[in-house]
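Peer 1: Sequence:
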Amino acid sequence: MANRTTVTPELLQALVNRGIAARDTGRGRPIEELLRTTDSLRGQESQRLRTWFSMNGIQPSKDLADELGSSLLCGNLEKVKDDFAKRVSEFVRSGRPEEEARSEAVLELYNLRWGPTRIPIYNVILAGRVLARWYYEQQMAVTRWLVYEAKVPVDGKDISGAETIHHAIGCAPTLEIEFAQMLYDAGGNVNQRDRYGCTAMHEAMQIQDGLSAEAVRRNKTALEWYLAHGGNLDIRGNDGKSVRDLVKHSWNLWSHAGDRLAMADLVSIVDLEDARRRQLGKKCCSFCGRLPEGMVRLMACAQCHSARYCSAPRRCQAGDWPRHKAACKKASNTSKTR
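Residue numbers (the UniProt record's numbering): 1 to 338.
No lab work stands behind these hints, which were simulated from the structure alone.
Incorrect hints may have been included.
[Claimed, not checked] Result set (BS3-like, lysine-lysine): computed pairs, CA atoms no more than 27 Å apart in a straight line:
| # | residue 1 | residue 2 |
| --- | --- | --- |
| 1 | K157 | K241 |
| 2 | K329 | K282 |
| 3 | K151 | K241 |
| 4 | K81 | K151 |
| 5 | K157 | K220 |
| 6 | K151 | K86 |
[Said to hold, decoys possible] For each label pair, taking beta carbons as the anchor points, the in silico distance ranges come out as:
| # | residue 1 | residue 2 | range |
| --- | --- | --- | --- |
| 7 | W134 | M55 | 40 to 50 Å |
| 8 | R315 | D39 | 32 to 42 Å |
| 9 | A257 | E33 | 38 to 48 Å |
| 10 | D82 | R133 | 38 to 48 Å |
| 11 | M295 | R260 | 41 to 51 Å |
| 12 | P173 | R42 | 24 to 34 Å |
Since this is a predicted model, take the numbers as computed values, not measurements.
Ideal Cβ placement from N, Cα and C applies to all residues, glycine included.
Based on the sequences and whatever the hints tell you, model everything.
Peer 2: Next comes the structure, spelled out in structure tokens:
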């Protein structure tokens, strides 16, 4: 009896990448130039970097061979602390005051990158959540220390322009809610857009395995968490597609061949969010859907006075401007002619 190859999402993705590479027209800048830049991408250039990125993942034995990298991967908190202390001491010896030396050491950690995709410090820990999951408690302890004690910023980006929170809730290949919550509490932005113009949910809603109810439920959990933390369904990637569009596409793709009940539950999350926002009306932010809390207030758009946005430090008005600007200018012109 012939051996059968088990078809996994990873194998499917590898086959897709191979097909994409074969169809590369050569238009646009070569991958070498895309790797040197940080600008927004679309079309063939976007697909070229996506394919390269998925084919050049982190290899611990090569890319995390340094002591700090391996300590982050396995959650060795004492070695991470020692590394930080040594950096502070070096700056003190160079004549910096203690507080300034500490700030410089934090900046060094923030600017460190590993591997061909240049992942930042928190991404190394996230890689450990996949490659060395048995160190879960230790990895979370290191994350807590970096976030709350060292106070290393969480908005470092990899070569695709994505922050770590993007990958933590993107379900490719894992969903790390507790980890993402720590990043969010430290200022992580769920609506942050990568070089393709996409949020984490653009990735998560491109469902690879609609046959598995468990996999679809994981994507549903990601979408619920994203929306509960100010996620927006209507941000369009550089290809013009929104998260809402991708949910509809996944339903059309998998509702007959996949687990229909699980897919229906996923789609219902969008309907519930729309209903919630309609009920709240102008009491919630037009972009993130959150209510004002703490020092955050709702501010009317200065031009149309119709949309309501969260005040700083949230960046809701800037995030919504690509969608809102046409309606805003129309409303503003209408009010001027009255």
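Peer 1: Now tell me if each hint is right for this structure.
Peer 2: So, going through the hints one by one against the coordinates:
no., hint, verdict
1, K157 x K241, "22 Å, holds"
2, K329 x K282, "19 Å, holds"
3, K151 x K241, "35 Å, violated"
4, K81 x K151, "13 Å, holds"
5, K157 x K220, "25 Å, holds"
6, K151 x K86, "17 Å, holds"
7, W134 x M55: 40 to 50 Å, "27 Å, violated"
8, R315 x D39: 32 to 42 Å, "20 Å, violated"
9, A257 x E33: 38 to 48 Å, "40 Å, holds"
10, D82 x R133: 38 to 48 Å, "24 Å, violated"
11, M295 x R260: 41 to 51 Å, "45 Å, holds"
12, P173 x R42: 24 to 34 Å, "25 Å, holds"
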